[in-house]
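Asker: Residues -22 to -1, 1 to 462 (mature numbering (1 follows the signal peptide of the UniProt record, and there is no 0)) are what the sequence shown spells out, left to right.
Since the hints were derived computationally from the structure, they do not count as laboratory data.
Worth double-checking, as some hints may not be accurate.
[Said to hold, decoys possible] Heads up, simulated DSS-like pairs for lysine-lysine below, C-alpha to C-alpha not over 30 angstroms straight-line:
| # | residue 1 | residue 2 |
| --- | --- | --- |
| 1 | K428 | K227 |
| 2 | K399 | K428 |
| 3 | K181 | K26 |
| 4 | K227 | K104 |
| 5 | K227 | K181 |
| 6 | K104 | K26 |
| 7 | K428 | K181 |
| 8 | K181 | K104 |
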Amino acid sequence: MNRTHKMLWLAALGLVLTGAPACNPLNQELPTAFDPDEGYATADRIAKNAIGMYDGLQNAEFLGGRALIYSDLRSDDEDVASYFNDISTFTAQANSVLATNAWTGGYRTIYQTNYFLQRLAANTGKTTPALEAQFAGEAKFIRALTYFHLVNLFAQPYNFTADASHPGVVLQLTAPNDANEAFSATQQLPRSTVAQVYAQIEKDLAEALPVLPESTAPDATNLSPNATDVTRATKDAVRGLQSRVALYKGDFAAAAAAAGAVANTRHRLNSSPATVFSASSYLTSESVFSVAMNSSDNPNTNNALGQHYGSNRRADITVTPYALIPTSLFPATDLRRTALLNPSAVPTDPATRIFTRKYSNASADYVPIIRYPEILLTQAEGLAQTSTGVNATAVTLLNQVRDRSKPAASPSYTVSSFTDKQALIEAILLERRLELAFEGHRYYDLLRYKRNPGRINYGSDRVVLPIPLVDIQQNPNLRQNPGY
């Protein structure tokens, strides 16, 4: 952690300098003489630093794409990928470059949010109270989102122990003030438990919810959202993440309630499941929150989703197992086959290379973090789990997602379609698999139900990634995951 903190403090200093007034290049003060608060001296600079946190969220090794890739590669829906061989074959070692970069990428983002919160608090009154509260809420949402992915990548699932007391990740909630402090003993923190990490995530989200806007869209319904409504934190983004956190904890009542609070007056499914993945349609009412990318500000050819998944680019991630799901479960004319697989025909040979069309825009694909179909299916699962019989509302929600993609000849589900509530739950999990494929969900859906995720058994030590060896060596309080 110490090595990481030093790099991040210097990076933050560079970010602060960008907000400083222009000066004569022949008469500059040394960076060490610069007051970091200069970057927060005006309302405009504070606003720009708030936007800068989202640039941190684009981290190429983490939520710029890799955090999603590293979960999906270990699921039963993707082939072994040679470039990511140690991840997809569960053979990573403690010195894995990929795992190390993911850990560092996540904590780099967390550092930026912590640093922003500290500087914002030190410069209170420079902007309006409402904006100050909103910016703090945005920082807490970003921190919560990052910790959620970190704890699921590097720790066993929440219900691995009865009270989630197994090791999670390091809860770093302050940023060192300078490079010297980054190497102090106070920065050598141990891993918190998974329960403690989840509690912090929930705390951040609870504090963010009341201070964030409902919408920044140009119309009251949000059916024509603008970029900030999809790529900056709103109340619905918080509610969506709250519903997922509760779902992963197994708190199904809370999951249904949070998902149900995402307003259907602002969000709708598009007519086709492919629309939201089109370069011209990232900003639709189906997108609740995405990490924005563009051709000049992207994770590059080694990291971008479109480079790895695109059939005409690096093309090193194929999804043949997903395409081989039996047609009795995944019909040949389902739009998620015909519009989102390449080639779209049902493969007859397991050696066929099948690609997803969800990411095909080279390095500029938006990273889908929360989409409205997930919200509907989370609410459906929560209601199904907390009912004694087959919940009619859950069936209706399931149909909303399924009906837009299923073959026209296939009837919609009714309550009588299911013999009991477990049959309904299985249908919802199948729909999550089909609808949310390659968006970072499948692996964790299997683990939270204690099912084998494909090439490894549930409960195996290597279900999770190793804590980087370099951080273990520099922090005597940091414990390695078993098996590494």
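Asker: Could you run down the list of hints and mark each one as holding or not?
Answerer: Now the hints, each set against the structure:
1. K428 / K227: Distance ~12 angstroms between K428 and K227 Cα, so the pair holds.
2. K399 / K428: holds (18 angstroms)
3. K181 / K26: holds (25 angstroms)
4. K227 / K104: Status violated; Cα separation ~39 angstroms.
5. K227 / K181: Since the Cα atoms of K227 and K181 sit roughly 15 angstroms apart, the hinted pair holds (cutoff 30 angstroms).
6. K104 / K26: holds (13 angstroms)
7. K428 / K181: holds (27 angstroms)
8. K181 / K104: Satisfied, since the Cα-Cα distance of roughly 26 angstroms is no more than 30 angstroms.
The structure does not agree with numbered hint 4 stated previously, though it agrees with all others.
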